Amino acid sequence: MLYGLKRLKKIYNHRTVLDIEDLTLEKGHVTGLLGPNGAGKTTLLKILSFILEPSLGEIRFKGKRVDFAGGNLKDLRRKVVLVQQQPILFTSTVANNVAFPLRIRKSEKTERERLVEELLELVGMLSFRDAMAHRLSGGETQRVAIARALACSPEVILMDEPTANVDVENQIVIERIIGEISQKRHISVIFTTHNMIQASRLAEKTISLFEGRVARSTYENIFSGSIEEDEKGDKICMLQGGMKLYLKNGKPGSVRISIDPERINIWREEGDRTSINTFPGRLIQLTDENSRVRALVDVGIMLSVLIPKERLEELDIRVGMKVGVRCPEESIEVF
Amino acid sequence: MDFFVDSLSSAILLIGSLDPELFEVIGVSLKVSSTSTLIASLVGIPAGFLITFREFRGKALLITVLNTLLALPTVVIGLFVYAFISRRGIFGHLDLLYTQEAMIIGQVILIIPIVTTFTISAVSRIDERYRETALTLGANALQTAWVVFREARFGLVAAVIMAFGRVIAEVGISMMLGGNAKGFTRTMTTAMALEYDKGEFVLSVALGIVLLTVSFALNIIFHYFQGKARV
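If you're matching them up, the sequences are chains A and B in order.
Under numbering that gives the first Met the number 0, think of the first position of the first sequence as 0, with each following residue one higher.
Under numbering that gives the first Met the number 0, think of the first position of the second sequence as 0, with each following residue one higher.
Everything labelled a hint here was simulated from the structure, so no lab data went into it.
No experiment lies behind these values; they were computed from the predicted model shown.
Quick reminder that beta carbons are idealized off the backbone N, C-alpha and C, glycines included.
One or more hints might be untrue.
[Unchecked claim] Here are some of the chain A residues that sit facing chain B, going by a computed Cβ distance under 10 Å:
hint, residue
1, Leu51
2, Val79
3, Thr90
4, Phe99
5, Cys151
6, Lys247
7, Lys250
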């Protein structure tokens, strides 16, 4: 076990931004933290990198309880490094930035120069060695920041939205680097993203955060609506666009719901209108995701559906076709 | 008008002739002001860092007090220090009154608030991510402070220049604590006041020209660093 978090909370001005009951992160993996903006991803990464103290609760690193008040934080920080969403480079050359962690660890000059060169080569920035760091573009800055983080020889590298502010070309490079770090250097990588496809492409394990909590399923298909009761006492959630979803439970009023994409049924041709929570739609997109395929269906709202690959062949659906979907009551979560 | 033009041309001649008395006065001014600026920087810059990064009770009040002290009149400081170092004061036995040391003490008190408040504003302008980045890269508290110091360096230089500009031009402290003794504590400003009293304008105008030149040069350097600090 790399990290163990128990009843961890971070409270800013009486507002709980992070509330984690129990979370374990394993060593040697690439872990994706998935969630929308404001889910608490950045706060969690700052706590995992020991630069932010949690308000309550316990955090264990490699089995040992982390004491934020005690003096061993520097030793812990030297095992873990954070690359921020918009990383900041020191006002100096690219090479000096990468050399910074080596300098403060008092590494020898020739060794330092060799490592700086090797790391800049890894991120494809060797030709920028003598450039002033603040003149680089967003993607180049991100790559230098990754090289600088690697100079710490960390056991864990934490990356906050590593590709959020870069162009497609840099995104590809950065994703390749993440793969290399994990496979060749055996460093545990934990990164945040709000891009589901990226998370499933890069991460061996994905953890979803929503409003500061670890979500049971990947919170996808999130919609806002209002719950009403009909004359029979059934609970109906009225979504925008006039869609009606029957629910098992939920209090009347404005709510947000999420529909688990793994539990949505999908079939060819239009749906059976008479059964509840069934909608006709059109298949917009199919994306390959490891052992599964993600189908995007327009039913008035965009629904994301995850289908096992073998099931896709049976279904024989293609983009542009009319399809039917059914959202079973147990696939719907109200929060 | 003739009188002014005559004084001005004689003053320029005096500067051109490298008059020893004139240069002695300039020398004392520069020495006293540089020393007090150095001491105030050694105290004020670390103080500014501590106030910015430490959370403590009364922090806001302290910053308000420091801002108020920016407008402290030199004669009040002169009087205050005099009370301590005059013969009857508790430090009277040190025999500091009418020495360069006394002037330095007064000037340091004058500009510590300037250096400190300017340091606070320069350091708090530096992005929080610099500190976080240094920490996550494994820096200790001192190395982290050094990173922030480096990033804030132009703002800090501006603070020091501002302080130097204040002391080189002040007259109250130098007069009350230095006593304007020729060759020892006579500075550009006190010499000017004296020459004015005597009705001797030539040396006064010459010193005025030097003082203005120094202020002008400092202003140019100050704006240069202020501009750099905003990049």
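*What hint numbers does the structure not satisfy?*
Of the numbered hints given earlier, those the structure breaks are 6, 7, listed in rising order.
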